[in-house]
Amino acid sequence: MVGIRRFSPGKLFAYLALAVGSVVMAFPFVWMLLSSFKSLREIFRFSFWPQAWTLANYQEVLLNTQFPRWFMNSLIVAGISTVSVLFFCSLVGYTLTKLRFPGKNFVFLLILSTLMIPTEMLVIPWYVMSTEYGWVNTFWGIAFPGLIPAFGVFLMRQFFQSLPRDLFDAGRVDGVSEFGLYWRVGLPLVGPGLAALAIFNFVGNWNAFLWPLIVAKSPSMRTIPVGVALFSGEAGTAWNLIMASAALAVIPVLIVFFIFQRQIIEGVVLTGVKG
Amino acid sequence: MSSPPVKPKRRLSLSSREAIWAYAFLLVPLAFFLFFRLWPALQSFRLSFFSWHVDPEMRNFVGLQYYREMWAEFVARGPIFQALRNMLFYFVLVVFGQVSLGLISALLLNSVTRFRSIFRAIYFAPYVTPAAAVAWVWGWMYSVNFGIFNKLLADWSDWVTGIGLPWLAIDPQPFLTSPTQALVAVSVVVIWQQLGFQVVIFLAGLQGIPKQFHEAAAIDGANGWHRFWKVTFPLLNPVLVFSLIISTIATLQLFDQVVNINFTDQGGPLGSTLTIALYMYQQAFEKFRIGYAAAVTVLLFAIIMLVTLVQLRLTQREVEY
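Sequence lines, in order, name chains A and B.
Reminder that position 187 of the first sequence reads as 187 in the working numbering, one-by-one numbering, no gaps.
Reminder that position 285 of the second sequence reads as 285 in the working numbering, one-by-one numbering, no gaps.
Among the hints, a few may not be true.
Claimed, not checked - Partial list, computed: chain B residues near chain A (C-beta under 10 Å):
no. : residue
1   : S100
2   : I104
3   : N237
Said to hold, decoys possible - Covered by chain B, according to a simulated footprint, are these stretches of chain A (three or more residues, beta-carbon under 8 Å):
no. : region
4   : 58-71
5   : 121-131
Stated by the list, open to error - Label pairs and their computed distance ranges (CB to CB):
no. : chain 1 : residue 1 : chain 2 : residue 2 : range
6   : A       : K217      : B       : I104      : 23 to 29 Å
7   : B       : T264      : A       : K217      : 18 to 24 Å
8   : B       : A24       : A       : N105      : 38 to 44 Å
9   : A       : R69       : B       : L38       : 33 to 39 Å
10  : B       : P269      : A       : R45       : 35 to 41 Å
11  : A       : I259      : B       : A216      : 21 to 27 Å
12  : A       : S162      : B       : Q207      : 17 to 23 Å
13  : A       : R100      : B       : K230      : 44 to 50 Å
14  : B       : L165      : A       : I259      : 26 to 32 Å
15  : A       : L115      : B       : A24       : 22 to 28 Å
16  : A       : A26       : B       : S157      : 39 to 45 Å
17  : B       : D265      : A       : L62       : 28 to 34 Å
18  : B       : I170      : A       : S218      : 42 to 48 Å
None of these hints come from the bench; they were simulated from the model.
Ideal Cβ placement from N, Cα and C applies to all residues, glycine included.
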């Protein structure tokens, strides 16, 4: 308990167990990468390390499929939605904590209640809507359901709640406009919250599967997960190609994760334990 | 409100000015929640009572017909029965696996000082990766003839036979091709992917427990085992409930992993990995039985409501430090 003994068998066991656990957790990624550098012949002959490292699988996926296009699509959709999410979630979070108006609780409960609706229940009406308004196979069609997520509103509400109201009243006395109070006084103070929300939203959009699968019908409009899934479905047993395409989907988001690791994990703790 | 009207020019009081701004700020977001969340949810209810036609004028009211069909299918042990039964199995396996492994890992992480953030990051990494892509990786590892798992089993069997212990040998396993093993295999993938989330939540919970409690218990002569069950575990209760809810909701909505891990026979073999979400998808977007699929989503909604109510009951029992 107290740090008198610097080394104990218990601690050694903990380190060992964690090391084994980490190997298990990381192994699927390692195996994906190793397999993606093997030729088809090697894939079916067991060897742990690739005997002749090859980039042919990546070449094949990048040049002979629309993978670069899917990559761009995912970036565009994630980009559109991140701008919208940052602006609207923070605006609502600010309004719900720093402005006084009748019906505040009602608005809050309304947004809260939408959290209980599973996406599965919404995709059919969304699709009917999309066919009626011509949103199928458009960026707007893929992005619109995620433009203002309720969880983002709650995250931003948490951050704004910690700011003193006096700050905004003082600004009001100084003649700052109501929008200016949000934009120039509030927003700069919730930077960490915005950062966490942006990363969460980017990762969530990058990984989204069910709705893009439904609404992105044409091959050129697919996002990365949908593209990878349908490509892999056609690749049959060409596991080397499937692993290369999986790696191309997984690696960008892993890089984002390892850069912003601290913000992501702190964001999870904040929304989870305190929310 | 009590201040005298010093400036007659201003027609609105400060508080109504503030309220008007608030409504202006909320206009677009509220329209969004009404139009893209609440209205579609009601529309799903509506669609489940109407026969489907592209032209809204041609949709006929059929009452409870789809619900009756669903019931008949359930009684006949059809796909809806399988999906609900599988949901229960997924729930038991995934929730038990995630919560127990998550708690153990968090306790281990909490007991070490060095490399903690590296370990935590490695555990968490699968959580941020696209489930659709990693399911293919696991599908490859589970491959019966060429997968790494059966290769390891074969190597192990060769080795134990070589040292004269052939009874320790294990035959190659069918994994995803077996109706009895496939659901467990998929559950392992789900546990692997979401474990890091649980670890992070538990670790935060453990670090929120004041140190004095452990020290006091240690002074009173409680050993590690007692300290865990009498101090740590009860104080971790709110976190435990939260983690249970999160993993439960996640298992109710399983889709990405199930679709991708067995792409040519989604939900198979023999419907043994089918989930409600996948069944809804197949009915609506492959068979175009929109009304029936809408009824399935209403059922899912009812189940999630039930879980949420249980959650509210559980979390109302506050734990005070």
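A quick look at each hint next to the structure:
no.: 1; hint: S100; in the structure: violated (13 Å)
no.: 2; hint: I104; in the structure: holds (8 Å)
no.: 3; hint: N237; in the structure: violated (13 Å)
no.: 4; hint: 58-71; in the structure: violated (count 0)
no.: 5; hint: 121-131; in the structure: holds (count 10)
no.: 6; hint: K217/A to I104/B: 23 to 29 Å; in the structure: violated (45 Å)
no.: 7; hint: T264/B to K217/A: 18 to 24 Å; in the structure: holds (21 Å)
no.: 8; hint: A24/B to N105/A: 38 to 44 Å; in the structure: violated (19 Å)
no.: 9; hint: R69/A to L38/B: 33 to 39 Å; in the structure: holds (35 Å)
no.: 10; hint: P269/B to R45/A: 35 to 41 Å; in the structure: violated (28 Å)
no.: 11; hint: I259/A to A216/B: 21 to 27 Å; in the structure: violated (42 Å)
no.: 12; hint: S162/A to Q207/B: 17 to 23 Å; in the structure: holds (20 Å)
no.: 13; hint: R100/A to K230/B: 44 to 50 Å; in the structure: holds (47 Å)
no.: 14; hint: L165/B to I259/A: 26 to 32 Å; in the structure: violated (48 Å)
no.: 15; hint: L115/A to A24/B: 22 to 28 Å; in the structure: holds (25 Å)
no.: 16; hint: A26/A to S157/B: 39 to 45 Å; in the structure: violated (26 Å)
no.: 17; hint: D265/B to L62/A: 28 to 34 Å; in the structure: holds (29 Å)
no.: 18; hint: I170/B to S218/A: 42 to 48 Å; in the structure: holds (47 Å)
The earlier numbered hints that this structure contradicts are 1, 3, 4, 6, 8, 10, 11, 14, 16.
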